[in-house]
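Assemble chain A onto chain H, guided by the hints.
Residues per chain are reported as follows:
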Amino acid sequence: MKVKRLFVMGLVVMFLLVSFTQSLFAQQKEKILLYTSVPTNIMSAIEEEFEKENPDVDLEFVRAGTGQIKTRITTECETGRVEADLIWVAEFSYYEDLKELTVGDTKGLLLRYESPKAEGIPTSLKDPEGYYCGARMINEVIAYNTNLVSDPPRTWKDLLNPKWKDQIVLADVSYSGAALVAMGALTEKYGIEYYQKLRENGAVVLEAHGGVTQSIAAGEYKVGMNLDYMIRQQKEAGSPINLIYPEDGAIAIPSPIAIVATTKNPDAAKKFVDYILSVNGQLAQVKLGSTIPVRPEIVPPLGAPSLNQLLEKSLPVDYEYIRNNAGNLTSQFTEILLAP
Amino acid sequence: MKINIQRIIFILAIGIMIILIAFPLALLFYKSFLKENTLSLVNYIDVFSEKNNYLPFLNTLKIGALTVIFATAIGVILAWLVARTDIPFKGFLDTLLLVPYMIPPFIGAIAWTQLLSPRVGYINKIFMKIFDTSQGPFNIYSLMGIIWVMALYNYPFVFITVRGALERMDPSLEEAARISGAGRFEVMKDITLPLVVPAIVSGMLLVFVFTIANFGIPAIIGMRSRIYVLTTQIYRYLRMYTGGFAGVRLAAALSTLLMCVAGMAVFASNLSKKKYAIIVGKSVRPGIIELGNWKYLILAILSVFILITLIAPLASIFITSFLKAWGIPVKLENLSLKNYSYILFGYDYTKIAIKNSFLLAFSAAIITTIIGSIIAYISVKTEIKGRKILDFLTTLPYSIPGTVVAIAMILAWSGQFGVKLYYTFWIILVAYIARYMFFAFRNVSASLEQIHSSLEEAARVSGATWLQNFRDIVIPLIRPGLVASFLLVFMPTLRELTISILLVGPRTITIGTAVYNLQEEGLYQITAALSGLIIVILFIGNYLVRKVINIKTTNSI
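Protein sequence lines, in the order shown, are assigned to chains H and A. Number 448 in the working numbering belongs to position 314 of the first sequence; there are no gaps in the numbering. Number 390 in the working numbering belongs to position 396 of the second sequence; there are no gaps in the numbering.
Derived from the structure by calculation, the hints contain no laboratory data. Some hints could be false.
[Said to hold, decoys possible] Have a look at the derived ranges for each label pair, beta carbon to beta carbon:
1. A/M258 x H/P450: 55 to 65 angstroms
2. A/G340 x H/E253: 28 to 38 angstroms
3. A/C254 x H/G336: 29 to 39 angstroms
Every residue, glycine too, gets a C-beta built ideally from N, C-alpha and C.
For reference, chain H alone in the conformation it holds in the complex (with noise of 0.2 angstroms):
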């Protein structure tokens, strides 16, 4: 009897040593850790292609809402260690605040690093200081579904119309960073009265913009305000769903690219920031992510505007007001959206 607790020790003991020589070997790589917002399969489509291009780095990534990642982040702060080398999310002025953070010893949580592939990004993109850098262009606009919408909402205020009643879906402001920034843009234009007629149109909110795209192309709300490059892809593989760039502008989001300071492996997350920002990065996230480049050289993905044309046409976004007041946001959208 006792032979056979032993045999069981015998074996939790040797499940516990592979597992740890496994992680001894997996250690010949660099490794680096992503915290990032990008979707999970485009992610790991985009990591399957740096690995090519970089096969002595071990890329490994964590995908969260951005509101997750700030939590995140801010817990490991406070705890005395970060765990990522890079962060990519899409709230561009919360960049400003990752700069302000403390971790032990080290002031200010970001690495500066002005990456050479980054000549040639527009100035407007980058942060002057060379902390960050947009990496890709995401937008926010309107999406519906083709089988049951004849006459889609051309403008932001279209979507208050009764017609829409209980049919209008949206991200969740506390979890996307890019509907955050849409809602900084929105209320800037319209005011928060923007956000208590489209509770009062009866628009549901879900967590991510992924849902967002999902329930729209299924018929299970007829218009709503989502990603654009997530309705591209989704409408390439088939599915019933269009989007329109609002007449009022669309919201350019520039989701930027950032290292940790406290990382170990500097120079592998600088070949990660380096893969993204160049023209084969970028050609990799218009081919896997559909997403508009910051290159303005490379070409959008097809029925896309250019980057220099989204520039022209888009909402104003004023960076300094959001990051003043993303609490503030945060919880007027809790109020007014989710609250029973």
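Just chain A now, kept in the frame of chain H:
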């Protein structure tokens, strides 16, 4: 000598249980009365005055109560059918009705959203086609939706307890009544029912506690319609505050509230426990009622029930997992293996999550069985003073919802007392051990209680030391209890979500949290594929484990 060793072990055990359980819970209780380092009731005032807080509280009670009613109704009827009638295919029915155990509740919830989503759910679509409407008759995203899925997952608790009681009841009581002239219904009403009430109450308690403690079902079904319960509201608080620990204060108050509700339920059920000596230990079968021609009607109804409650969700998950995109018609050209190929080969987290969950479940099961056995032995077989305290400390977390345990762990082990476990593998393990220790303890105690002390005394009289006695007499006799306790901890922790969703970090993701994150992200196909994979793993695991136990228990005495 004997007393010294025992005393040392006893003190160690108490020490472990205090650090493991008493300390974090006490800290939680204390912190709920704190606001910015001053003691005050302000958190509780916030809780009861703010709509955001008292509504979840009311919802929790509502859902708990209604689920108990439905689950009990279903469970009692089924138990009576299987235990007391001559309905055919009993063995088959038995196992089939226990399958909900093997599909994690949150995966069940996901399946039901696929079936009953108002405009695109599979079942709704069938109705929409037949009646040519633009919307189906069922809306899963409602209070009734939550109650429906909860009841489906909880009726097995009532079914098992009531069936056990009905089968082991001494038939002579009922016979005596019949002989005295009572009709069939009178016997049921005056003899059977009162005798079975303790079992029903016991089942109802399990249902209530499980329902109010559950996170996955109300999270997946309720949030979209802004229906929150205590567990989901606590989760939202923890996530809402990007300032790290600010949200924990309110979460602590709500957690304490949740703990009290559970505690009161346990207390109330203990009050009404009257113990009737109905289990006499003879293997007599009580009277079986013949159904006659009703048999076929009942079987038909049962089949429909099984079709709706078991087959439909399973089918839904697998169909969705093969669909190329959400909501497109289910035709051959729309099916593909690409979701499974991604889960198995493209998504790093599949392997990491499975490895983590197995490691956690295995470790938790072994550690709780060992410590639980020691504590059980002290409690049952020794006369050490203060063993009642040990009992209490071990039983305490049983009724405490997983969410509360998780919050207590965060408060205790996030560095303020020198131990930083947050976001590591260990904090999840510690939470699991605290939460499930009771299962191990109870099972081993039950086994130990069946060992008459004369067996051990015989060994001692023949010259064995206490350790030899333990090794050669006690352990072999309680082996079934040990195995049972291992399983009772291994199976639930393997697919657990409620605790881990609050404690996982980047590399410690578990099976449950991996599925939940994908669902949250809106990648419904991939979620379904991962769910399908997990269901298969759990089925196989369960089958293998059952085979192993059968071999083991037939090899022992």
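Hints, verified against the model:
1. Judged by the Cβ atoms, the range 55 to 65 angstroms given for A/M258 and H/P450 holds: they are separated by roughly 56 angstroms.
2. Range check, A/G340 to H/E253: Cβ separation about 33 angstroms, and the 28 to 38 angstroms hint holds.
3. Between A/C254 and H/G336 the beta carbon distance is about 37 angstroms. The supplied range of 29 to 39 angstroms therefore holds.
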